[in-house]
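Sequence order for the protein chains is A and B.
Taking the working numbering, the leading residue of the first sequence gets 297, the next gets one more, and so forth.
Taking the working numbering, the leading residue of the second sequence gets 48, the next gets one more, and so forth.
Note that these hints are calculated values from the structure, not bench results.
Anything over 12 Å on all C-beta distances counts as not near chain B; from chain A, calculated:
id, residue
1, E366
2, A452
3, E499
4, A550
5, A685
6, P755
7, P791
8, K856
9, R891
10, G959
11, V1078
Dumping the calculated DSSO-like pairs for lysine-lysine here, alpha-carbon to alpha-carbon at most 30 Å:
id, chain 1, residue 1, chain 2, residue 2
12, B, K148, A, K460
13, A, K834, A, K460
14, A, K541, B, K148
The beta carbon of each residue, even a glycine, is placed where N, CA and C say it ideally should be.
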Amino acid sequence: MLYIDVGNTLRGGLRTGIQRVVRSLSRELAVNAPSKTRLIAFDVAAGRYFALGDPELIQSAGSLTDIGREARVYFDFADFAQGDIFFEPDSSWTEPLNRGALFRRLKAQGVIVVVLNHDAIPIILPEVCHPNTLVSFSETIADHLQYADYALATSAGVARDLGKVSERFLSRSMAMRVIKLGADFAPPGSADEGDLFAARFPELAPLRFLLSVGTIEPRKNHALLLQAFDRLAAKDAGLVIVGRKGWMADDTLAALTGHPDFGKRVFWLTALDDHALLSLYRHAYASVLPSQYEGYGLPVVEALSQGCVTVASDAGSLPEVAAGHAVFFRRGDDEALYAILDRLYGDRDYYARLKASARSFSPTPWREAGRTVAAALADIASGASHDFAAPLRQMVFLSVHAERLDLALQSARANLGFIDRIAVLTTPAAREAIAAVAAQHFPKALVLTDDVVAGEKLPADHQARNTWLRKRLYVQDAIEANFLAADEDSLALRPLTRAYYQTDDVHTAYSFQDDMGTWLAGSPTTTSFDRGMRNAWKLLAEAAYPVRAYASHMPQIVNKSLANEIFARFVISPDGPAYDEWSLYFNVAQQLHPRQFATKPYGALGWPMRPGDWLPEFEPMQPAFENYYPQNYESAERGMFVGLNPLGDLDAKASRSREAMAGARRAETKGGGPHSPGLLALILTPEALKFVGSGTILAGMRNVRRVLLVNGSSDVTLTTGRLDMFVTEPRGTPVTGESVRLGEVCWIPLLPPDKPGLYAIRFFAALDSGARLEARGLLTVVANGERQ
Amino acid sequence: MEAAKPSALYRLAKRLSLGRLARYFALWARYLLRRGQSALSTKLLREPPSGIDAQAAALAGADLASAKRMTVASWFPLDLANARLHRALLASVAGARADLKLTPEILDCFVSLKSADDLAACIEGMVEQGRSPQTVNTALYVLLLRRLPASSELAMIASRHPRHALIAIQSGDEYRKQGRRARVG
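For reference, chain A alone in the conformation it holds in the complex (with noise of 0.2 Å):
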């Protein structure tokens, strides 16, 4: 369901400049699909949305108060459902509702926020806006940057302009396409213009006169504009304002309506029909816009529409929605406004090349805008611009690592049938090594270098440095529509069939977490990896998408173009901040097309390395891959696969694992006998420390034990510094102890005593503000039963 959110425009009732647009182009979706396509208004009063019973009102109606309660269909927010989209074409910044609360509710149930941007006028121009819509549209636009999964343009100058304002505030980019406008406003049975233009303007009949349309106020630049004016030398020129008052007018007003032609050569009309506009712009000698920016310019192409000869600023958009058809003058520049007007009174032949210019533009029709408008919609929705049905038969590696790429390629090649084809990113140092391993296996694969594909300097940071190279990578022409996203340590472990990724046009994903917010990170330090999987998370969470974990280390298939779009979206310099870019990537495909993914629990052995150094909300059910680490089979590293074979003995190695993983959840989560796992923590605040603890600690340091580390205190500054943490026996002797920096990790590893018994644990903490606080509390440590 396509829901358009037209409350504003008919709040205000007005059906110039952006509500023109809203009028004309939400009728024509609703036309296009009227059984999928609901526009909608809140009720501030009832606090619920109602869609309109007939959406020819729209244009029918005037304001809210036109629409009767028959004509309302009320309906619940839970009514918003997943796939749906939220189209907000409107001037919102005004609306009661918050916008941020709204697009933060909507996506939670899986909705699509879709906004048009007209322009992003308060934001780059404000010293030509009201002082309160400054304010509002400050947040509004804050509102769009964060939430919006899709902004439309108005055009490419309004696209520029958001994307700007977005990398400049935000650090990232807007998914967004350029839509084009309607101008075709003439009304039914307007063919007696003439008699209307005589009858309703007969002052006008004489004159030659300019027509400038827009809203009275400081950006439009009336004032520019009857300057020059006053300067031609045109006895029967005319000056005609069509517009409202606006905000910061009364100068302009002042000397439009002092001016000693007003009434007679200068005149100032407001609150027109239609007809009388139309009628206007047909009988006009030219049509003036000076302003000092336009998101669109919509009095432009209406001008020219109706072949009006038209003069406009170069400001904005103007340039390009005119194409070419009009004349420009430099914004601002008084000089050259009057030499063109003068020229235009004086000059015969340049008025008649203009006018036979003006004539021989073609507007779009604001039917074909719906079309436009709908088909994007209609594209975000289905996604079928991103083929999600294309074949998987290609496998895409970042490696530098020939004898780990030799692995992995050898079980590819026994156990992912459906691969055919490769692709390798690797370092130019590493090239050939990694061309004659990969040649081995798939003599067409293709070997990329990160000097040709990316080429700017890589960032030093891990985690960035290949979110950037995957970025730059997977917009080359060689990467497949669909294909498998691999590291050199991705170990096939059995055979698997197309569909263990891809089913028709659906994609399956696997994931080790369902919540990115509890990734507690290493300790003592935290590593890149670390760091990319807390800024994905919250990134994810801020923009009110899911925040599941999908660095799963193990092949994902990945949608080329959508990955794109979602890159390009959020990864816009190499200098980071580092993201975990298959959380990123997948939550917010996830969210955009929910019927094309299926999400999985993971299948990889070997990661976590050590099963305890974090502890997976799930084992990885039905394990096909290894995360391969050397160490792990390495008597002295105490491996977990110490005697397998790397490329085979999937039962052993799970059975293995499942066992490591069992006795790490023996020690810290689920007991038996007289051991009863509890939570351990310690909360800081500028002023004290408090242990919480509850419940058995395993003897052996084996066991190990996370500490968790809670900040008390909202201001994180405030509980900076370093923590020591000690195990003591009763008498005081210490048996373990670790020390971290505060602010850097969220807990410290406890390795239990070997001996049983009653414990004393002390933390000492020695703040950056000076503050020295000290806790304490008691362990029990009780004999571990089982074989560890």
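Got chain A; can you put chain B on it based on the hints?
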């Protein structure tokens, strides 16, 4: 390629568990140092801050996943992002429009209000911190321009007079026109 053999000195050190001994002595030294420093300078709070007990109770009653979520969120709060973005945009606008008199202090107040769970409590806190009424009122006005107040907040808002905030005085016409004034005052 044959791996290099460890030196005799290394083998002796390993036999004597010198590394383990060194770590043990370091543990003792660190422990004694911290205990000594603590005895000299640690603030002993007979009554720890009240919030800490509530947090401890919440943690104690939570499952591991929830406790982990609380832990991560305590260091990496999420809810300020939108408010901070709005603040950055407002600050940019305010830089070009000095007549708005949106000072950094007002914008900081605004971010606090926007991200507050309890608006009334947040304002009380600001008043206790000595923020000027003009600052608080203008920040509140900026907030209410885009957020309808809950009915429980109306009395508090009426007592703050946000409509007399500087920015409202300059621009009340459009605000009234939008038809939301009645809900506020």
